[in-house]
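Enquirer: Each chain, letter by letter, is given below.
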Amino acid sequence: MNGSDAALAPARRIVRRGLALSLLGLVGLAGVYVLALGFTPIEARQGLAQKIFYLHVPAAWNALLAFSLVGLASILYLWLHDPRLDRFAAASANAGVAFSAVMLTTGPIWAKPIWGTWWTWDARLTLTLFLFFLFVGYLALRAAVHDPSERARFSAVVGILGMLLVPFIHLSVYLFRTLHPQPIVLKPSAPSLPPEMLRTLLISFTVFTVLYLGFVMTRYGLMLAEELQEEARDAG
Amino acid sequence: MPDAIRFALAIAAKDIRAELRSKTALLSALVFAALVLVVFNFARDPTVLAASDLAPSVLWVTFALAAIVALNRAFNVERENGALDGLLLAPVSREALFLGKLLANLAFVGTVELVTLPLFTLFFNVSLGRALPGVLAVTALATIGFVAVGTIFSAMAVRTRFAELMLPVLLLPFMVPPLIGAVQVTSRLLAARPLSEMWGWLRLLAVYDIVFVTLCVLTFSAVVDE
Amino acid sequence: MLAEPPRNGEYLIAAYVVATLILVGYWMRLWQKARKVFSGPD
Numbered sequence: 257m258n259g260s261d262a263a264l265a266p267a268r269r270i271v272r273r274g275l276a277l278s279l280l281g282l283v284g285l286a287g288v289y290v291l292a293l294g295f296t297p298i299e300a301r302q303g304l305a306q307k308i309f310y311l312h313v314p315a316a317w318n319a320l321l322a323f324s325l326v327g328l329a330s331i332l333y334l335w336l337h338d339p340r341l342d343r344f345a346a347a348s349a350n351a352g353v354a355f356s357a358v359m360l361t362t363g364p365i366w367a368k369p370i371w372g373t374w375w376t377w378d379a380r381l382t383l384t385l386f387l388f389f390l391f392v393g394y395l396a397l398r399a400a401v402h403d404p405s406e407r408a409r410f411s412a413v414v415g416i417l418g419m420l421l422v423p424f425i426h427l428s429v430y431l432f433r434t435l436h437p438q439p440i441v442l443k444p445s446a447p448s449l450p451p452e453m454l455r456t457l458l459i460s461f462t463v464f465t466v467l468y469l470g471f472v473m474t475r476y477g478l479m480l481a482e483e484l485q486e487e488a489r490d491a492g
Numbered sequence: 008m009p010d011a012i013r014f015a016l017a018i019a020a021k022d023i024r025a026e027l028r029s030k031t032a033l034l035s036a037l038v039f040a041a042l043v044l045v046v047f048n049f050a051r052d053p054t055v056l057a058a059s060d061l062a063p064s065v066l067w068v069t070f071a072l073a074a075i076v077a078l079n080r081a082f083n084v085e086r087e088n089g090a091l092d093g094l095l096l097a098p099v100s101r102e103a104l105f106l107g108k109l110l111a112n113l114a115f116v117g118t119v120e121l122v123t124l125p126l127f128t129l130f131f132n133v134s135l136g137r138a139l140p141g142v143l144a145v146t147a148l149a150t151i152g153f154v155a156v157g158t159i160f161s162a163m164a165v166r167t168r169f170a171e172l173m174l175p176v177l178l179l180p181f182m183v184p185p186l187i188g189a190v191q192v193t194s195r196l197l198a199a200r201p202l203s204e205m206w207g208w209l210r211l212l213a214v215y216d217i218v219f220v221t222l223c224v225l226t227f228s229a230v231v232d233e
Numbered sequence: 141m142l143a144e145p146p147r148n149g150e151y152l153i154a155a156y157v158v159a160t161l162i163l164v165g166y167w168m169r170l171w172q173k174a175r176k177v178f179s180g181p182d
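Protein chains in written order, with our numbering: chain A, 257 to 492; chain B, 8 to 233; chain C, 141 to 182.
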């Protein structure tokens, strides 16, 4: 289908750049591993497991960022009706699931040696879980609606409602815990980080942001390509 | 403004009348609620867990599940009749349409809750006594919140292939803050705790209701209009 | 006075391995999808 090849060119460009950017991110990730494991001091009270922090916290930030951008894009879409906003929201949600998965796995693996239990209903882990559920619900809805305009509108509504749910979850957990204080053996993040740890953390944040951008760009490009192919098929 | 309210009430009245005639949503939800209560009773060990400790959670989980059943049935019946499309052709504000649907759904879910409550006190040997007005109030407060979100989500879910699955998947995260608040307040009411201990939760419930009812009213047209 | 840090290296390894699998796996899914979309039979 040579005709559609040319039509797909802009999408192909975006996907190529996205894949390259995320590959760069993965290389950076390897660098972060080396940095965290070999060149950052071991935390005295928590031991080696504390280094999970350098992956978990940036992943959490990315998931929250991805989610907020879905919410923002949703509001803008309902206002401007630009399909690019809808595509971006879907791409961000898709990438967000990956980072939520990293959060949800590294979180308990970190909690077990530090707090003695795989799961606690503290603010961070609980929010993690809810973000994951909201992402999954969002993507499930998109998969279940076929008409593109309907899909964009419905997703936008869920995106906005979901974004506003987050502060209520946070508040509920906060109220719950102040009334039911649970013993905490160690706080996972020290109030003031020694400079080498801060440096590693900041570098990790940068790498994770690059990964997010690369993932979103690639997803966006793939969605665009599929839409263009659909159009070519309908026209041809 | 009064026009919109009159219209909303008319929509609600029509839906309620239709449901009273067929009774499918109400009956399914009521039977379901009764079954859930029975299962909870057999699922706990009375020598280990006193009924009063578990009671508020059992009550609210039952309410939540029954509400989902009721919401699903209510919109399904409407889809089968194609009534929504007819309504949309009328020159009516979408906000009023949503309020009408919301009122009707509140009537359904409220009825299920009102019937479940005495069943609950019966099965679990809980005496409501002086806590009754408080329990009714918190029930109303929490229900408004999740039925509002449930109404807009069921309007969406009904247009998807797996509607019965889509609604709970979307709705359950949104039911959590009202549920937590309701359970906390109910358990304190049953233990005759002072109002000061519930105030934070009641405020949470109230703010949740205001925020989400407003949001749903504003976004409903995005769901039903092209 | 300073105690030895706790020995919990296996958790560290588990977390890093899982995170790598998820992120690299996600990249590979994107790459495979790209190959399918841009050169699949039409």
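Keep in mind the hints are simulated off the structure, nothing from the lab.
Where is the CB? At the ideal position from N, CA and C, for every residue including glycine.
Check each hint, because a few of them may be wrong.
[Said to hold, decoys possible] Where chain B lies over chain A, by a calculated footprint (3+ residues, C-beta under 8 angstroms):
1. 321-329
2. 399-413
3. 416-426
[Stated by the list, open to error] Over the 12 angstroms line for every Cβ pair with chain C, so calculated as not near, a few chain A residues:
4. Val271
5. Trp317
6. Trp335
7. Thr362
8. Ile365
9. Thr376
10. Ala379
11. Arg433
Enquirer: Indicate, hint by hint, whether the structure satisfies it.
Expert: Here's how the hints hold up against the structure:
no. : hint    : verdict
1   : 321-329 : violated (count 0)
2   : 399-413 : holds (count 8)
3   : 416-426 : holds (count 7)
4   : Val271  : violated, 5 angstroms
5   : Trp317  : holds, 14 angstroms
6   : Trp335  : holds, 30 angstroms
7   : Thr362  : violated, 5 angstroms
8   : Ile365  : violated, 4 angstroms
9   : Thr376  : holds, 16 angstroms
10  : Ala379  : holds, 20 angstroms
11  : Arg433  : holds, 24 angstroms
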